[in-house]
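Chain A is already provided as a structure; the job is to place chain B on it using the hints.
Take a look at the letters that make up each chain.
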Amino acid sequence: MPTPAERTEESLQEPGCFVALTHSPLDIPSLMDRVRSPEAGAIVIFAGTTRDNFAGKPVIELQYSSYTPLALRTMMSIAQSILAKHSLKGIAMIHRLGPVPIGEESILIAVSSAHRQAAWRAGEEGLEECKARVEVWKREEFGGEEGGVWRANRDGILGQKEEPATGGGGGGGSSEQEVK
Amino acid sequence: MSSRPPKGHFHVLYFATAGSYTSKQLEALPAPLPLRELFSTLEERYQGMKESVLDHSLVTVNLSYVDMQTDGEDEEEEVIIQEGDEVAIIPPVSSG
Chain A
1 MPTPAERTEE SLQEPGCFVA LTHSPLDIPS LMDRVRSPEA GAIVIFAGTT
51 RDNFAGKPVI ELQYSSYTPL ALRTMMSIAQ SILAKHSLKG IAMIHRLGPV
101 PIGEESILIA VSSAHRQAAW RAGEEGLEEC KARVEVWKRE EFGGEEGGVW
151 RANRDGILGQ KEEPATGGGG GGGSSEQEVK
Chain B
1 MSSRPPKGHF HVLYFATAGS YTSKQLEALP APLPLRELFS TLEERYQGMK
51 ESVLDHSLVT VNLSYVDMQT DGEDEEEEVI IQEGDEVAII PPVSSG
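Protein chains in written order, with my numbering: chain A, 1 to 180; chain B, 1 to 96.
Chain A on its own, in the form it takes in the complex (with noise of 0.2 Å):
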């Protein structure tokens, strides 16, 4: 259970960067606000949201937990170095921690440019490598006896099934192939 300590919101700022870890819901408006330049022709904002099923098999409630001070090191990495191969005005990212409601969004990612092809651009490539390397784990909850499951965004890499309400230590628990 989170403290009232980590329900606060954490982030690390760099001129034109912006990234964020929070256990509140995500607002739109405020990050658009953090890249929206007079210089920008164009801001791109993407918003990831909480899907209901795995493969077909329904999720009652997705939890996402961090290793918060290294996960906010590889945000602004990632930001840092968008920000200057796209020639960036600003770059802001932003991701929910803890229960997040089904259909709610889980990440943020805005990106303002001069123009638009670059932002589009900009946009995907920090969400792919957002995905690829920050430190941030989603498990899903399949409710009843199916328990939980840690996901992983690599393909072909085991999500180690939680044994639902067990008392005793390390348990081996069956695991799940990720499928794509």
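These are calculated hints, taken from the structure and not from any lab test.
For clarity, every value in this text was computed on a predicted model and none was experimentally measured.
In this text, a Cβ means the ideal position worked out from N, Cα and C, and glycines have one as well.
Please note that the accuracy of each hint is not assured.
Derived lysine-lysine pairs resembling BS3-like cross-links, with alpha carbons at most 30 Å apart [said to hold, decoys possible]:
#1 Lys-50(B) x Lys-24(B)
#2 Lys-131(A) x Lys-57(A)
#3 Lys-131(A) x Lys-24(B)
#4 Lys-50(B) x Lys-131(A)
#5 Lys-50(B) x Lys-7(B)
#6 Lys-57(A) x Lys-50(B)
#7 Lys-24(B) x Lys-57(A)
#8 Lys-24(B) x Lys-7(B)
#9 Lys-131(A) x Lys-85(A)
Label-pair ranges, simulated between beta-carbon atoms [stated by the list, open to error]:
#10 Ser-40(B) x Glu-145(A): 26 to 36 Å
#11 Gly-48(B) x Pro-101(A): 31 to 41 Å
#12 Glu-77(B) x Gly-143(A): 43 to 53 Å
Positioned in the frame of chain A, the structure of chain B alone reads:
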């Protein structure tokens, strides 16, 4: 997680599948410990953890990734986990 480990110990943090396997978020282990003995130390405590978790995971020491594959001990300087260090087991990530 910002708390200091007891004297003569380092912290190891368990995320995602590592946390499920150990039923812990973190624990203090005796320092110093050569990095190359980390996985066998954990395997001793949590049988089967190497194959189901550690072999798929990365490792950080004080927020920097370290190479667990190094076997040429004489070529590279050996990394020793020191008292007060923060080690983390990083299973495959799943943000987004």
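Hints, one by one, checked against the model:
no.	hint	verdict
1	Lys-50(B) x Lys-24(B)	16 Å, holds
2	Lys-131(A) x Lys-57(A)	22 Å, holds
3	Lys-131(A) x Lys-24(B)	25 Å, holds
4	Lys-50(B) x Lys-131(A)	25 Å, holds
5	Lys-50(B) x Lys-7(B)	27 Å, holds
6	Lys-57(A) x Lys-50(B)	29 Å, holds
7	Lys-24(B) x Lys-57(A)	28 Å, holds
8	Lys-24(B) x Lys-7(B)	20 Å, holds
9	Lys-131(A) x Lys-85(A)	19 Å, holds
10	Ser-40(B) x Glu-145(A): 26 to 36 Å	35 Å, holds
11	Gly-48(B) x Pro-101(A): 31 to 41 Å	35 Å, holds
12	Glu-77(B) x Gly-143(A): 43 to 53 Å	50 Å, holds
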